[in-house]
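Enquirer: Residue numbers (numbering that gives the first Met the number 0), protein chains in the order written: chain C, 0 to 344; chain A, 0 to 344; chain E, 0 to 344; chain Y, 0 to 344.
Derived by calculation from the structure, the hints in this document are not laboratory data. Honestly, I wouldn't trust all of these hints.
One copy or two, it doesn't matter: identical chains are merged, so the pair holds either way.
[Stated by the list, open to error] Calculated lysine-lysine pairs in the BS3-like style (CA-CA distance at most 30 Å, straight line):
| no. | residue 1 | residue 2 |
| --- | --- | --- |
| 1 | LYS37 | LYS108 |
| 2 | LYS108 | LYS246 |
| 3 | LYS246 | LYS37 |
In case you want the letters, here they are:
Number of protein chains: 4
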Amino acid sequence: MSYTASVVGASGFTGGELVRLLAGHPEFEVRQATSRSKENRTVGHAHPNLRDLDLRFSSPADLESVDVLFAATPHGVSMERIDAFREAAGTVVDLSADFRLDTEAQYDKWYDGHTRPELLDEAVYALPELTREQLPGADLVASGGCNATATILGLLPLFEADVLSGDEQVVVDVKVGSSEGGAGGGEASSHPERSGVVRPYAPTGHRHEAEIEQFLGIDVSFTVHAVDMTRGASATCHVFPDGPVSKGDLWGAYRGSYEDEPFVELVAGGGGVYRYPEPKAVAGTNRAEVGFELDPENERLVVFSAIDNMMKGSAGQAVHAANVALGIEETAGLAFGGLHPVGAP
Amino acid sequence: MSYTASVVGASGFTGGELVRLLAGHPEFEVRQATSRSKENRTVGHAHPNLRDLDLRFSSPADLESVDVLFAATPHGVSMERIDAFREAAGTVVDLSADFRLDTEAQYDKWYDGHTRPELLDEAVYALPELTREQLPGADLVASGGCNATATILGLLPLFEADVLSGDEQVVVDVKVGSSEGGAGGGEASSHPERSGVVRPYAPTGHRHEAEIEQFLGIDVSFTVHAVDMTRGASATCHVFPDGPVSKGDLWGAYRGSYEDEPFVELVAGGGGVYRYPEPKAVAGTNRAEVGFELDPENERLVVFSAIDNMMKGSAGQAVHAANVALGIEETAGLAFGGLHPVGAP
Amino acid sequence: MSYTASVVGASGFTGGELVRLLAGHPEFEVRQATSRSKENRTVGHAHPNLRDLDLRFSSPADLESVDVLFAATPHGVSMERIDAFREAAGTVVDLSADFRLDTEAQYDKWYDGHTRPELLDEAVYALPELTREQLPGADLVASGGCNATATILGLLPLFEADVLSGDEQVVVDVKVGSSEGGAGGGEASSHPERSGVVRPYAPTGHRHEAEIEQFLGIDVSFTVHAVDMTRGASATCHVFPDGPVSKGDLWGAYRGSYEDEPFVELVAGGGGVYRYPEPKAVAGTNRAEVGFELDPENERLVVFSAIDNMMKGSAGQAVHAANVALGIEETAGLAFGGLHPVGAP
Amino acid sequence: MSYTASVVGASGFTGGELVRLLAGHPEFEVRQATSRSKENRTVGHAHPNLRDLDLRFSSPADLESVDVLFAATPHGVSMERIDAFREAAGTVVDLSADFRLDTEAQYDKWYDGHTRPELLDEAVYALPELTREQLPGADLVASGGCNATATILGLLPLFEADVLSGDEQVVVDVKVGSSEGGAGGGEASSHPERSGVVRPYAPTGHRHEAEIEQFLGIDVSFTVHAVDMTRGASATCHVFPDGPVSKGDLWGAYRGSYEDEPFVELVAGGGGVYRYPEPKAVAGTNRAEVGFELDPENERLVVFSAIDNMMKGSAGQAVHAANVALGIEETAGLAFGGLHPVGAP
C-alpha cells in the first residue's frame with residue numbers, strides 16, 4: 000500500500016463509506032478515523048458493515064501526519080479547520096461544500112459567507128468526468144455535491160456537443176434518499192414520518208444550483224424531493240433546446256462524452272425492467288447511469304441521471320478524485336458493481 | 000337509501016374502492032359487484048377490508064337494473080359495452096379514459112381510436128372543481144384521470160386568475176405509486192423489482208397530457224416516475240409565467256379557486272413536518288393538497304399537488320361526481336380524513 | 000353530542016389518533032387537546048390529517064372540566080397527575096401502563112414502582128373482549144397495551160375453550176411497526192437506520208408479558224421484533240397444548256369467543272392473497288384479525304393475531320372502552336374499515 | 000483463472016448472483032449463463048448490475064464442457080437433468096433442494112418423491128460451517144437452503160457444546176424477503192400486495208424443516224413470515240434447554256464453533272443501533288450474523304441469526320462450497336462486506 004489516509008468525521012454516513020472504501024483500496028492504508036461523539040469506540044460500533052475492521056475512532060483534535068486526509072464534516076467545519084488538515088496531509092479531499100465554489104461572492108449568496116476565501120482559487124473541484132485534467136497533483140480537492148453531480152453528468156454532454164449553450168430553459172427535478180440528511184435524525188426524518196414520502200424538501204433555492212451554474216454556465220430551475228429510499232439521487236432534467244435534436248444527435252453527444260468513462264453508463268430505452276437510469280441499479284456503486292428520451296411534441300429532451308449519493312455523490316467520487324490526483328488507477332477500490340435484486344436502496 | 004348502484008370490474012383495485020365507498024355511503028345501496036375472474040366469490044376474497052360485506056361477485060354479463068352503474072374496467076371496455084351499461088342504469092359513471100376526451104381525433108392520436116365517437120359529446124368530464132356546473136343530471140360521466148386530476152388541480156387557479164394564458168412553458172413531473180398499475184402484476188411490478196424505485200415509467204407522451212390540454216388549453220411537458228408507495232400521485236408543476244407574480248397574487252389565486260371547495264386544501268410552506276402537499280397526508284381520502292413556492296431567481300413558480308390516486312384520482316372522484324350528478328350532498332360517503340402517522344401510503 | 004372529552008398528550012401519535020376519533024365520534028365533543036411543546040399551535044400542525052379541525056393545543060396545566068379525559072402520556076405521567084385528571088373528568092381513560100397491573104409488586108418487578116398503588120384496585124383494564132363486563136360505569140379505565148392486546152386476543156379462546164390451562168409452553172414472537180416508538184425519533188428510529196429492518200428490539204423481558212400473565216394466567220416467552228411498517232402489531236403464538244386438538248376444536252373455540260365480537264375477525268387459511276391475519280388488512284381500523292394453523296408434526300398450534308397498534312392497540316381500544324363505560328353503542332366512532340390496497344401500513 | 004464455470008438458470012435472481020460472483024472471482028471464468036426465456040439476450044438485460052459483462056444467455060440445451068456447473072433451477076429440474084449436468088462438468092453445485100436430503104423417504108414425505116435416489120448418497124450437503132470436511136473433492140454438491148442455513152447456523156453451537164441434545168423444544172420463527180419467491184411474480188408478490196406485509200406464508204410444514212432435522216437431529220417448530228424487504232432471512236430460535244445455561248456458557252459455545260469461521264460473526268447485545276443480528280447488516284454479503292439473549296424467567300434462550308438469502312442463503316454459499324471443494328481460498332470472490340446505511344435490503 001502506497002499511501003496513508005485518514006478520515007475526519009468518520010462516524011457519519013459519508014465518513015463511514017470513506018473508511019470502507021479506503022480499507023478495501025489496494026493503495027491506501029487507513030490511519031485514523033475521527034469522531035468527536037464516538038471517540039475510542041470501534042468503527043464497527045457506528046457502521047456494522049465494518050465490524051471486522053480493527054480500528055477505533057480517534058479525536059479530531061489529534062491528527063496524525065498522513066498522505067491524504069478526507070474531510071467528511073458538515074459545511075463550515077473544513078474552512079475553519081483547513082490549516083490543521085493541510086498540516087496533517089499533503090493532499091486534502093474535502094467532501095463538504097466549503098471549497099467547491101470559486102468566489103467569496105458565491106458563498107455570500109448561497110451560504111453564510113466564507114472565512115478563507117483566499118483558498119478558493121487553489122481548490123480543485125472534483126467531478127472527474129468534468130475536471131479530470133485539473134486533478135493530478137492537486138493538494139486541495141473539493142469533491143462535488145451529490146445532486147449537482149447527478150445533474151451535471153446528465154447535462155454535460157449537451158454542452159459538449161453544443162446542443163445547449165447556457166441560455167436555454169432547463170428544469171431539474173431531483174428525487175433523493177434519506178441518507179442525504181445524514182446520520183442523527185430528527186422528527187422529519189424519523190421512520191414514521193419519512194417512510195413513503197414524496198416530500199418537496201427543497202422546492203427552490205437549493206445550494207447545489209450554484210455548482211451547476213458555475214460549471215455548466217446555465218441557470219437551472221432546481222427542485223428536490225425526498226422519496227422513500229435511503230441511498231440514491233435521481234435527476235430528471237427537462238431540457239428545451241433552441242433547435243431540433245434527433246435521437247442520433249443525442250446518442251452521438253452522450254457517447255462522445257462518456258464512452259471512455261469508467262463510471263458512466265448510458266441507459267436509454269432498451270428492453271426489460273430497467274430501461275432508464277434508476278438509483279436501484281447503481282446502489283452501492285460509484286457508477287452513474289445517464290439516459291434520455293425525446294419529446295418532439297413539446298420540443299423537449301428529458302434527461303435522466305441516477306447515482307448513489309453515498310458513492311458517486313460523495314465518498315466514491317472523493318476516492319475517485321484522490322486516485323486521479325495521486326496518479327493511481329482510476330477505478331482502484333471502486334470495483335463493486337452492485338446487486339440484483341435490490342430492495343429500497 | 001335513495002339509489003341503487005353496481006360496480007363493473009369490482010375485483011380490481013379501483014372497483015374495490017368503489018364498492019367500499021358505496022357500501023358506506025348513506026344514499027347508495029350496492030346491488031352488484033361484477034368480476035369475470037372471481038365470479039361467485041365473496042368481495043372480501045379480493046379485498047380483505049370488505050370481508051364484513053355480504054356480497055359476492057357476479058358476472059358482468061348479467062347486469063341488473065340500477066340507478067347508477069360505475070364502470071372500473073380497463074381502457075376500451077366501456078366503449079364496447081356502453082349500450083349494456085346504459086340499458087342497466089340511467090346514470091353511468093365511467094372511470095376509464097373512454098369518454099374523457101371530446102373528439103375522435105384525440106382518441107386517434109392518444110389512444111387506439113374510438114368505436115363510439117357519437118357519445119363523446121354527451122359525456123361529461125368529471126373533475127368537480129372544474130366541471131361542477133355540467134354534472135347535475137348528466138347520464139354519462141367520465142371521471143377524470145389520476146395524473147391529470149393532480150395536474151389540473153395544481154394549475155387551474157393560475158388560469159382562473161390569469162397568471163397563465165396557455166402559451167407558457169410548463170413542466171409537470173409526476174411521481175406515482177404502484178396501484179396505478181392495477182392488480183395483477185408482472186415482472187416490473189413485482190415486489191423485488193418495484194421496491195424502492197425512482198423509475199421513469201412514462202418519460203414522455205403520457206396519455207393524460209390530452210386531458211390536461213383539453214381542459215386547460217395548454218401543452219404541458221409531462222413525465223411520470225414510479226416511486227415507492229402504493230397509493231398516491233404527486234404532481235410538481237414547474238411554471239414559467241410571462242410576468243412577475245407575487246406570493247400575494249398566488250394566495251389570492253388559489254384561495255379564489257378553492258376556498259369553498261370541500262376536497263381541496265392549500266398547504267404552502269407553513270411549519271412542522273408537512274409543509275407542502277404530500278401523498279401521505281391524503282392517503283385514503285378524497286382530499287387534494289395543493290401548494291406552491293416562488294423561485295424569483297428563475298422567474299418560476301413551483302406548484303405541488305398531491306392526491307390519493309385511488310380516491311381523488313379515481314373511485315373517490317367518481318363518487319363525488321355521482322353525488323353532484325344526482326343532487327346528493329357532495330361530501331356524502333367521502334368523509335374519511337386520513338391517518339397520522341401513515342407508512343408508505 | 001352527549002359527552003365532552005379532552006385528550007392529554009395530544010401532539011403524540013396516539014394522542015393525535017384520539018383527537019381524530021373523538022372529533023368524528025357522534026357522541027363526543029372535543030374540548031381540549033393538550034401539548035406542552037406545541038401549545039397554541041393548531042392540532043393540524045402536528046397531525047396533517049386534522050388540518051380541517053378548528054382546535055389548538057392547550058397547556059396540560061389548564062384542564063377544563065369534561066365528562067371524559069383521555070391520557071396519552073408516557074409511562075409514569077398519569078400516576079403523577081391522576082388527581083388533576085380525575086378532578087377534571089368523571090371518567091379517566093389512561094392509555095399508558097400506569098394502571099394496567101393489579102399490584103404494586105408487579106410495578107416493582109416490571110416498571111420502576113408505583114406512586115399511587117391504592118388506585119390499582121379501582122382501575123379497570125380495558126380490553127373489551129376480555130373485560131367488557133367490568134367497564135360500564137368505570138371511572139378509571141386502563142386501556143390495554145398494544146402487544147399484550149394482540150397476544151391476548153390470539154390466546155384467549157384457547158383458555159375459554161380449555162385448550163390451554165396456563166401450564167403450557169407458549170412462545171410469542173411479535174413484529175411491530177415504528178409508530179410504537181412514538182413521535183420524536185432518535186438515531187435507531189431514523190429512516191436510514193430503521194428502514195427495512197428485522198430488528199430484535201425486545202429480545203426478552205418485554206413489559207407486556209406482565210399484562211398477559213395477569214389476564215391469562217400463563218407465562219409466555221415473549222420476543223418483539225421491529226419490522227418495516229409504521230403501524231401494526233402482529234403476534235405469532237406458538238402453542239403446545241397438552242393433548243391433541245383438531246381444526247374443528249379450534250374453529251369451535253374461536254367462534255365461541257368471537258362470533259359476536261364487533262371488532263374481531265377470524266381469518267384462517269382461506270384462499271386469495273390474505274389467508275392469515277395481517278397488519279396491512281387492519282391498518283387504520285379498530286379490527287383485530289385472528290387465525291390459526293395446526294402443526295400436528297410438532298403437536299403445535301400456531302396462532303396469528305394482527306392489529307393496528309394505533310387503533311385496536313391504543314386509541315381505538317380506548318374509545319371502544321369509553322363507549323362501553325358510558326353505555327354508548329360499542330362501535331360508535333370506530334366504523335372505518337380500512338383500505339385495499341394498502342402500502343406499508 | 001484456474002477454472003471454467005457455467006450457470007444454469009442464470010436469468011433468475013440466484014442465477015444472476017452466481018454470474019456476478021463468478022465474474023468477479025479470481026479463480027473462475029464464466030463460460031455460459033443459460034436461460035430458456037432470455038436466450039441470446041445480454042446478461043445485463045435481466046440483471047442491470049451486470050451490464051458491463053460481455054455475456055449473453057445461451058440455451059440450457061447446449062452445455063459446454065466446464066470444470067464447474069452451478070445449477071440455479073427450480074426444484075425438480077436438477078434431478079431430471081443431472082446426467083447432462085455431470086456430463087458437462089466434473090463438479091456440479093446444485094442450489095435446489097434436489098440433492099440435499101439423504102433418503103428417498105424424505106423426498107416422499109417433504110417433496111414429490113425423487114427420480115434419482117441412487118445419487119443422494121453421493122451428494123454432499125454444503126453448509127461449510129457444518130460439512131466443510133466432506134467438501135474437498137466432492138463432485139456433486141447440494142448447497143443448503145436459505146432458511147435452513149439461517150436456522151442451522153443459529154443452533155449448531157448449542158449442539159456442539161451439548162447445550163442441546165435433540166429432544167428439546169425449539170421454535171423457529173423466520174422472517175424473509177421477497178426475493179425468496181424468485182423473479183416473476185404473481186398477485187401475492189406484486190408490489191401493492193407485498194409491500195409492508197407481515198404475512199404468515201409458511202405457517203407450518205416448511206420443507207426446510209427436513210434439512211434442519213437431518214443435520215441437527217432435532218424436530219423444530221418452524222414458521223416463516225414474509226416481511227417488507229427484498230433480500231434477507233432472519234431466524235429467531237426460541238430454545239428451551241433442559242438445564243440452566245449462563246451467558247458465559249453461550250459465549251463459550253458460540254466462540255468455540257465460530258471463532259475461526261470467516262463468514263460468521265457474533266453480534267450479541269453490544270451498544271449502538273445494531274445490537275443483534277439483522278439482515279440489513281449483512282445485505283449483499285456472504286456473512287451470517289449470529290447472536291443470543293438469555294430469558295431466565297422462562298428458562299429460554301433466544302438465538303438470532305441473519306443472512307442475505309441470495310448470498311449466504313444461496314449463491315454465496317454455493318461459491319463458498321465450490322471454493323472448498325476445489326481447494327481454492329475459502330473467501331475468494333466473496334469479499335464484499337456490505338454497506339452502511341442500507342435501505343430495505
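Enquirer: Now, for every hint given, state plainly whether the structure supports it.
Expert: Right, here's what the structure says about each hint:
no.	hint	in the structure
1	LYS37 x LYS108	neither (35 Å within a copy, 34 Å between copies)
2	LYS108 x LYS246	between (38 Å within a copy, 22 Å between copies)
3	LYS246 x LYS37	between (53 Å within a copy, 27 Å between copies)
The structure is inconsistent with hint 1 alone, although it conforms to all the rest.
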